[in-house]
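Residue numbers (numbering that gives the first Met the number 0), protein chains in the order written: chain A, 0 to 321; chain B, 0 to 321.
Since the hints were made in silico from the structure, they are not lab data. A couple of the hints might just be wrong.
Copies of the same chain look alike in the list, so a pair counts if it works inside one copy or between any two.
[To be verified] Mimicking DMTMM-like on lysine to aspartate or glutamate, the simulated pairs with C-alpha atoms at most 25 Å apart in a straight line are:
#: 1; residue 1: K272; residue 2: D183
#: 2; residue 1: K272; residue 2: D214
#: 3; residue 1: K101; residue 2: E41
#: 4; residue 1: K209; residue 2: D247
#: 5; residue 1: K279; residue 2: D247
#: 6; residue 1: K101; residue 2: E117
#: 7; residue 1: K209; residue 2: D262
#: 8; residue 1: K44; residue 2: E117
#: 9; residue 1: K209; residue 2: E236
#: 10; residue 1: K272; residue 2: E51
#: 11; residue 1: K139; residue 2: D262
#: 12; residue 1: K101; residue 2: E239
#: 13; residue 1: K139; residue 2: E117
#: 14; residue 1: K290; residue 2: D183
#: 15; residue 1: K123; residue 2: E71
#: 16; residue 1: K123; residue 2: D183
#: 17; residue 1: K101; residue 2: D179
#: 18; residue 1: K290; residue 2: E239
#: 19; residue 1: K144; residue 2: D25
#: 20; residue 1: K279; residue 2: E239
#: 21; residue 1: K290; residue 2: E236
#: 22; residue 1: K44; residue 2: D5
#: 23; residue 1: K211; residue 2: E236
#: 24; residue 1: K211; residue 2: E303
#: 25; residue 1: K211; residue 2: E226
#: 26; residue 1: K209; residue 2: D243
#: 27; residue 1: K209; residue 2: E239
#: 28; residue 1: K209; residue 2: E226
Bear in mind that the values here come from a model prediction, so they are computed numbers and not experimental data.
2 protein chains.
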Amino acid sequence: MGMLQDAARFLRTHDDILLIAHVSPDGDTLGSCFALYGALLELGKHAQVVCEDPVPAIYRFLPFSDQLIPPEQASPAEAVVCVDCADLARTGRCELLFRAAKATLNIDHHSTNDHYAEANYVQKAGATGELIFNVINCLKITLNKNIASCLYVAITTDTGNFSYSNTTPDTMRIAADILDTGIDLPYLNRCLFRTVPFPKLKLHALGVTKAKLYDYGRIAISYITLEDIASCGATSEDTEGIIDAIRDIDSVEVAALLRESDDGLVRVSLRGKTSADVSKIATRLGGGGHKLAAGCTMSPPVAEAAEQILGFAIELLHGVSE
Amino acid sequence: MGMLQDAARFLRTHDDILLIAHVSPDGDTLGSCFALYGALLELGKHAQVVCEDPVPAIYRFLPFSDQLIPPEQASPAEAVVCVDCADLARTGRCELLFRAAKATLNIDHHSTNDHYAEANYVQKAGATGELIFNVINCLKITLNKNIASCLYVAITTDTGNFSYSNTTPDTMRIAADILDTGIDLPYLNRCLFRTVPFPKLKLHALGVTKAKLYDYGRIAISYITLEDIASCGATSEDTEGIIDAIRDIDSVEVAALLRESDDGLVRVSLRGKTSADVSKIATRLGGGGHKLAAGCTMSPPVAEAAEQILGFAIELLHGVSE
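Looking at chain A on its own, in the form it has when it is part of the complex (with noise of 0.2 Å):
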């Protein structure tokens, strides 16, 4: 466990440290910073958190959140931690601060991290929460609600609310030591979970009408038109979860959706649910992916395109697609 103590003699070393959360700020690394700025603050140090993006609308009820700011406004400090990301590239325009600082840590939970900063705090967790988790107490700060509060959207975002196979008992023990603090549970989860906007929710249900169902309900289709996300008053991002609902349906072995795109393309997501290799399926159409997740770019039409996807989902399942 050296990496923890480098990590906490470096916060307690330092006494004006920036804080870098990665570019497309999510739930861990937006989190994660804004614990760790809460604890320093505890510590009486003064801490900025920087990131190249605003604070998406679904993360502002998280305490501290006012706080971020983007790197051309970051005073310059000597001591910078960047927080969840994998590598440099994550920090975007925040590369800048990194270079410039004299002291430089890396906290995160990433496999694929390089371990670019001269003090690396990098180990396989759930989320890079619990080693924020584990910094804190390795500080003896004491976890108030509003540090709480940031740390368990920091894990509950990351591990799928307890649910991805990223989630171990050490997850749950810190999570059990975060609830400690007497946070509110439900209001947190209404806030992460349970907000959705009207067209949002209007778009998946289009979605979810639109889909077709085909070899014995073993393979689910359906496509969105940028007529209906107009129609909708949606966004082409509204379109995130869809292809997870067509997944959910108890027969389906295979899921394609395909979205109409502004580029005048069609972009495929796939999914698989147990052995089915969907991968195989976006490679013959120069894609790529996992096996139980994978997509593809594709020409118009749509239809077109849907009935081509049909056919190799067929050729998948019926074990014929060499």
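Add chain B to chain A, keeping to what the hints say.
Coordinates of chain B only, in the frame set by chain A:
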């Protein structure tokens, strides 16, 4: 902790034990019964799990679920344990087995439990599964994966996957010990929370599509007709959950779902989000419920009933409903 010791002593003393799950069995009563069943087998005891109703389809993946029998098929046993039954009526037709037994034990987490058995291990907890975990622990029975999976299902279903206010630090610590056994967390989560029949998914999409917002988006009302249900190939039970999807719209404070019922009436489900007390609407219409979840029955046609609900909801939000 005398009650826990009593429960453990009860189970240690008897060799032929009948476990009773409550009527309309849920994940907690079933997971708790099957976990205890598995544990008693480990001790070399003879055990039976009895329930008035069969195992619902969604819980048939549970280890030992094929062991559940109706009361008529149960062999008389001198020792009976009621699991997750707040009162004797919850045991349904199994009450006869309870009354015929020489020794009775009651293990339950409901605060309304009236201690109807000779020995009663009744304690507040997120789920009865937590109490069963304590008993198994107290009996020093090794938690194998099958027993652990059953306990996990009991706890995660009754705590809304660790999101309701009944989720305590103890809940999380028990979950950590359960995860130590190496249960397949993603699989269990998929079975419980990510598996939906296509007709139900389509009906939910229809419910969302028909939802309308009023009063600056603070009120959402939708309705489901018998024809809607038929058009999706769904059943009236498949309407469950639609009201929650509508309440989750970010701007909504009051949500209502009206459903045509087979008996020719209109069933109304009402949900509040934060401060609006929807039981006031229900009460005015002869129904009742809690502040954030209430319901009532109205006369058709649905459109007129919806109009009336909207009027009451506007009065409620504008503070003129007394």
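Now for the hints, and whether the structure bears them out:
Taking identical chains as interchangeable, the C-alpha atoms of K272 and D183 lie at most 25 Å apart only when they sit on different chains, with a minimum of 15 Å there against 34 Å within one chain. Taking CA atoms no more than 25 Å apart as the test, K272 paired with D214 passes inside one copy only; the shortest distance there is 15 Å, against 42 Å between copies. Proximity of K101 and E41 under a CA criterion of 25 Å is satisfied intra-copy only: 24 Å inside one chain copy versus 61 Å between copies. Proximity of K209 and D247 under a CA criterion of 25 Å is satisfied in both settings, with 15 Å inside one chain copy and 23 Å between copies.
Taking CA atoms no more than 25 Å apart as the test, K279 paired with D247 passes inside one copy only; the shortest distance there is 21 Å, against 37 Å between copies. Taking the shortest Cα distances, K101 and E117 sit within 25 Å of each other inside one copy (10 Å), while across copies they are farther apart (71 Å). Proximity of K209 to D262 under the C-alpha cut-off of 25 Å is restricted to the intra-copy arrangement: shortest distance 23 Å within a copy versus 32 Å between copies. For the homomeric pair K44 and E117, the shortest alpha-carbon distance inside one copy (21 Å) is at most 25 Å, but the shortest distance between copies (60 Å) is not.
For the identical chains of this complex, K209 and E236 are neighbours both inside a copy (18 Å) and across copies (23 Å), given an alpha-carbon limit of 25 Å. Proximity of K272 to E51 under the C-alpha cut-off of 25 Å is found in neither arrangement, the shortest distances being 36 Å within a copy and 34 Å between copies. Taking the shortest Cα distances, K139 and D262 never come within 25 Å of each other, neither inside one copy (53 Å) nor across copies (63 Å). In this assembly of identical chains, K101 and E239 lie within 25 Å of each other by CA distance neither inside one copy nor across copies; the values are 41 Å within and 58 Å between.
Taking CA atoms no more than 25 Å apart as the test, K139 paired with E117 passes inside one copy only; the shortest distance there is 24 Å, against 48 Å between copies. In this homomeric assembly, K290 and D183 come within 25 Å of each other (Cα to Cα) only across copies, at 19 Å, whereas the closest approach inside a single copy is 38 Å. For the identical chains of this complex, K123 and E71 are neighbours neither inside a copy (32 Å) nor across copies (53 Å), given an alpha-carbon limit of 25 Å. In the homo-oligomer, the alpha carbons of K123 and D183 lie at most 25 Å apart only across protomers (19 Å), although the nearest pairing inside one protomer, at 28 Å, exceeds that limit.
With identical chains, the CA atoms of K101 and D179 are never at most 25 Å apart, being 37 Å at best within one copy and 42 Å at best between copies. For the identical chains of this complex, K290 and E239 are intra-copy neighbours only, at 19 Å inside a copy versus 33 Å across copies, given an alpha-carbon limit of 25 Å. Only within a single protomer do K144 and D25 lie at most 25 Å apart by alpha-carbon distance; the minimum there is 21 Å, versus 33 Å between protomers. In this homomeric assembly, K279 and E239 come within 25 Å of each other (Cα to Cα) only inside a single copy, at 22 Å, whereas the closest approach across copies is 37 Å.
Taking identical chains as interchangeable, the C-alpha atoms of K290 and E236 lie at most 25 Å apart only when both belong to the same chain, with a minimum of 24 Å there against 35 Å between chains. For the homomeric pair K44 and D5, the shortest alpha-carbon distance inside one copy (18 Å) is at most 25 Å, but the shortest distance between copies (53 Å) is not. Within a single copy, K211 and E236 get their C-alpha atoms as close as 22 Å, and across copies as close as 23 Å, so both meet the 25 Å cut-off. For a Cα distance limit of 25 Å, the shortest separation of K211 from E303 inside one copy, 15 Å, qualifies, whereas the shortest one across copies, 34 Å, does not.
In this assembly of identical chains, the alpha carbons of K211 and E226 lie at most 25 Å apart whether taken from the same copy (19 Å) or from different copies (20 Å). Within a single copy, K209 and D243 get their C-alpha atoms as close as 14 Å, and across copies as close as 22 Å, so both meet the 25 Å cut-off. For a Cα distance limit of 25 Å, the shortest separation of K209 from E239 qualifies both inside one copy, at 16 Å, and across copies, at 22 Å. Within a single copy, K209 and E226 get their C-alpha atoms as close as 13 Å, and across copies as close as 19 Å, so both meet the 25 Å cut-off.
Of the numbered hints stated above, those contradicted by the structure are hints 10, 11, 12, 15, 17, listed in ascending order.
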